[in-house]
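Number of protein chains: 2
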Amino acid sequence: MSDAERLARVALCRLSEPGDPRMIGLVRDLGAEMVLEHLANERDLGGVLNDVAQRVRGLNPTRDLEWAAKAGARFVIPSDAEWPTQLGDLRHVEKLQERGGEPLGLWVKGKARLNTLAPAIAMVGSRSSTSYGGHVAQEIAATVARKGICVVSGAAVGIDADAHLGALAAGGVTAAVLACGVDRAYPVAHAGLLDYIAEEGAVISEAAPGTQAARIRFLARNRLIAGLGRGTVVVEAALRSGALNTSNWTERLGRALMAVPGPVTSAPSQGSHQLIRSGATLVTNGEEVLELVGRPGEHLTVEPRAPARPRDSLSSRDQQVLDAVPKTSASGADSIARVAGINLLHVQSALGRLHDKGLVQSSDGGWMLTERALS
Amino acid sequence: MSDAERLARVALCRLSEPGDPRMIGLVRDLGAEMVLEHLANERDLGGVLNDVAQRVRGLNPTRDLEWAAKAGARFVIPSDAEWPTQLGDLRHVEKLQERGGEPLGLWVKGKARLNTLAPAIAMVGSRSSTSYGGHVAQEIAATVARKGICVVSGAAVGIDADAHLGALAAGGVTAAVLACGVDRAYPVAHAGLLDYIAEEGAVISEAAPGTQAARIRFLARNRLIAGLGRGTVVVEAALRSGALNTSNWTERLGRALMAVPGPVTSAPSQGSHQLIRSGATLVTNGEEVLELVGRPGEHLTVEPRAPARPRDSLSSRDQQVLDAVPKTSASGADSIARVAGINLLHVQSALGRLHDKGLVQSSDGGWMLTERALS
Numbered sequence: 000m001s002d003a004e005r006l007a008r009v010a011l012c013r014l015s016e017p018g019d020p021r022m023i024g025l026v027r028d029l030g031a032e033m034v035l036e037h038l039a040n041e042r043d044l045g046g047v048l049n050d051v052a053q054r055v056r057g058l059n060p061t062r063d064l065e066w067a068a069k070a071g072a073r074f075v076i077p078s079d080a081e082w083p084t085q086l087g088d089l090r091h092v093e094k095l096q097e098r099g100g101e102p103l104g105l106w107v108k109g110k111a112r113l114n115t116l117a118p119a120i121a122m123v124g125s126r127s128s129t130s131y132g133g134h135v136a137q138e139i140a141a142t143v144a145r146k147g148i149c150v151v152s153g154a155a156v157g158i159d160a161d162a163h164l165g166a167l168a169a170g171g172v173t174a175a176v177l178a179c180g181v182d183r184a185y186p187v188a189h190a191g192l193l194d195y196i197a198e199e200g201a202v203i204s205e206a207a208p209g210t211q212a213a214r215i216r217f218l219a220r221n222r223l224i225a226g227l228g229r230g231t232v233v234v235e236a237a238l239r240s241g242a243l244n245t246s247n248w249t250e251r252l253g254r255a256l257m258a259v260p261g262p263v264t265s266a267p268s269q270g271s272h273q274l275i276r277s278g279a280t281l282v283t284n285g286e287e288v289l290e291l292v293g294r295p296g297e298h299l300t301v302e303p304r305a306p307a308r309p310r311d312s313l314s315s316r317d318q319q320v321l322d323a324v325p326k327t328s329a330s331g332a333d334s335i336a337r338v339a340g341i342n343l344l345h346v347q348s349a350l351g352r353l354h355d356k357g358l359v360q361s362s363d364g365g366w367m368l369t370e371r372a373l374s
Numbered sequence: 000m001s002d003a004e005r006l007a008r009v010a011l012c013r014l015s016e017p018g019d020p021r022m023i024g025l026v027r028d029l030g031a032e033m034v035l036e037h038l039a040n041e042r043d044l045g046g047v048l049n050d051v052a053q054r055v056r057g058l059n060p061t062r063d064l065e066w067a068a069k070a071g072a073r074f075v076i077p078s079d080a081e082w083p084t085q086l087g088d089l090r091h092v093e094k095l096q097e098r099g100g101e102p103l104g105l106w107v108k109g110k111a112r113l114n115t116l117a118p119a120i121a122m123v124g125s126r127s128s129t130s131y132g133g134h135v136a137q138e139i140a141a142t143v144a145r146k147g148i149c150v151v152s153g154a155a156v157g158i159d160a161d162a163h164l165g166a167l168a169a170g171g172v173t174a175a176v177l178a179c180g181v182d183r184a185y186p187v188a189h190a191g192l193l194d195y196i197a198e199e200g201a202v203i204s205e206a207a208p209g210t211q212a213a214r215i216r217f218l219a220r221n222r223l224i225a226g227l228g229r230g231t232v233v234v235e236a237a238l239r240s241g242a243l244n245t246s247n248w249t250e251r252l253g254r255a256l257m258a259v260p261g262p263v264t265s266a267p268s269q270g271s272h273q274l275i276r277s278g279a280t281l282v283t284n285g286e287e288v289l290e291l292v293g294r295p296g297e298h299l300t301v302e303p304r305a306p307a308r309p310r311d312s313l314s315s316r317d318q319q320v321l322d323a324v325p326k327t328s329a330s331g332a333d334s335i336a337r338v339a340g341i342n343l344l345h346v347q348s349a350l351g352r353l354h355d356k357g358l359v360q361s362s363d364g365g366w367m368l369t370e371r372a373l374s
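Chain order of the listed sequences is A and B. For the first sequence, numbering that gives the first Met the number 0 begins at 0 and goes up steadily by one. For the second sequence, numbering that gives the first Met the number 0 begins at 0 and goes up steadily by one.
Honestly, the hints are just simulated from the structure, not real lab data. Wrong hints could be hidden among the right ones.
To be verified - Which stretches of chain A does chain B cover? Using the computed rule of at least three CB atoms under 8 Å from a CB of chain B, they are: (1) 71-79; (2) 211-220; (3) 253-267; (4) 274-280; (5) 329-340.
Ideal Cβ positions, reconstructed from N, Cα and C, are used throughout, including at glycine.
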């Protein structure tokens with residue numbers, strides 16, 4: 000695309016709401032320059048200068064780009080080598096709450112090139128998270144970040160912040176997608192965190208610099224979080240949570256949806272449990288996340304297993320005899336045979352095998368368990 | 000079946016281990032009387048009276064039944080009207096750890112007839128349960144018991160005891176299946192609980208009176224817990240837990256397997272999470288259990304939903320305008336239009352609609368949110 004196309008996209012970005020599928024559709028069909036021209040030439044009806052036309056004439060995309068460059072930000076469009084191509088899937092997904100489509104462009108602050116943010120994992124969750132949820136979010140983020148996978152989230156308080164921090168603490172890369180301009184800190188308390196994210200990764204927004212965060216912009220933003228990740232992990236989500244909106248986008252995109260369970264008595268886990276009940280995969284740690292979103296065979300989870308015990312290798316009959324051997328005072332083979340309900344001859348040969356394995360000892364003319372059998 | 004058949008089954012029950020598939024297979028093919036006769040006539044090889052033959056001659060099933068009657072126990076066999084026919088499915092299920100099959104008979108203490116224990120739900124879990132797990136087990140047991148469903152468990156410490164207690168506290172019916180004889184209390188501390196269960200439900204065992212609990216008998220017992228329930232709920236289960244053995248039986252029987260999640264940081268929930276990951280249904284309360292095991296349409300779960308808010312019914316554009324209206328100090332329609340990024344005329348008509356719904360108020364010549372909009 001030409002520089003004129005880039006400037007036109009900067010202008011349209013400022014003119015329209017993030018993720019407005021009508022604007023995105025027009026640009027796809029006509030190109031940004033022509034759409035802008037149409038809007039600028041809107042006829043002045045009834046002598047009152049039309050609102051849109053007025054606003055188009057007030058735009059100055061060149062100044063926007065210059066200002067952004069000074070503030071360390073850039074505007075990336077789909078024809079750039081840096082474009083995160085995984086967002087292209089958004090073109091084929093139906094809109095949700097009047098939002099959808101591949102963005103016209105992305106404002107970016109940060110050293111990471113957007114095309115290097117793949118593979119990425121989206122992690123989202125409740126703003127009213129518990130210390131349990133925060134702990135698990137940090138653990139999972141750190142584990143996947145250590146494997147060179149970028150952690151994408153929304154820089155909100157709660158689970159979002161923990162996901163970013165977990166990735167940063169592990170020396171990994173993380174990206175924050177905002178509902179406001181990249182020059183703004185939302186929430187204000189996260190100004191420092193956002194600077195840190197920009198230093199190590201990227202702060203991204205579809206909204207022009209200066210734009211305030213608003214509910215509908217969060218909805219548009221959530222689709223980008225889902226669209227950047229190979230899968231989404233929901234850590235804690237109440238029944239009415241933005242995380243469920245991101246989950247919805249993840250499913251629409253056909254990407255892996257994962258959720259971390261918690262106590263059924265904890266409100267912030269209710270949404271996670273509902274997601275698992277409707278098909279999301281339950282995950283308990285970062286390895287299980289990697290297993291699900293890695294390339295085939297790339298990450299193989301080791302199923303947690305209890306340590307093997309000496310008795311595990313015994314035949315069921317020998318186990319039965321072992322169970323009948325007393326712990327504290329020795330007992331004769333005949334008495335053991337009665338308790339076990341097994342023929343005396345079989346008991347005697349079983350006791351021999353158990354003795355060889357160090358599980359029973361003979362004393363006072365009888366048999367009892369060894370320390371090893373009790374371990 | 001004749002009385003002779005019943006007496007023969009009493010004898011074979013005492014002679015063989017609970018759930019020994021070889022004995023159960025012989026009885027199915029030849030009948031109990033003939034199996035007993037064969038065993039009694041085993042040839043005395045080498046002059047030493049064979050162990051089994053010797054034990055057969057020492058049996059006195061008539062005395063066993065008399066003794067049991069005095070102790071308030073009875074012996075129920077598959078031809079009795081009282082037989083819990085749902086155990087018949089065990090005939091068609093492959094053995095597990097050398098145990099399997101429909102029992103030869105069941106020793107029962109308690110006022111409930113076994114055939115009235117259906118529909119039933121099995122509830123199992125860790126002996127090392129947490130107070131969280133115990134609380135949830137009691138809640139679920141109480142909820143299903145209130146609907147007239149019997150709660151079946153194993154009377155162990157931990158989740159088992161909580162399941163029985165939850166059902167009893169709700170005035171419901173519960174059944175305990177033991178690995179020892181019904182005349183014994185295992186664990187000893189649960190003697191009172193077992194008496195209480197017998198008063199309101201049933202204490203059941205495949206093992207003859209006097210039999211001690213042993214590991215292999217727990218494995219045989221677990222198949223009966225799974226076999227009596229329409230489904231099994233696992234509340235907390237560590238990675239090495241008898242509850243996972245019961246789960247295995249439940250799956251073999253093609254019955255519903257459910258598990259309650261917990262914190263991923265809690266060892267007693269690890270087994271539950273693994274079960275959910277391999278296909279068990281996550282459940283968070285008794286209603287969800289009823290939904291899964293009820294007859295079609297019998298119990299319909301109401302999905303938990305957050306309460307509706309006034310803004311939910313708005314169009315996305317009106318929501319967008321609402322988001323741009325300030326909370327504390329009034330602001331003009333033109334300023335709201337700029338923040339919202341929407342044409343002034345549209346904003347004015349939206350403000351009218353929002354005012355009708357009581358979401359915005361005009362003051363000082365501007366607009367701000369009402370209390371209702373903030374709720």
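Here's how the hints hold up against the structure:
no.	hint	result
1	71-79	violated (count 0)
2	211-220	holds (count 4)
3	253-267	holds (count 6)
4	274-280	holds (count 3)
5	329-340	holds (count 4)
When the structure is compared with the earlier hints, a violation turns up for hint 1 alone.
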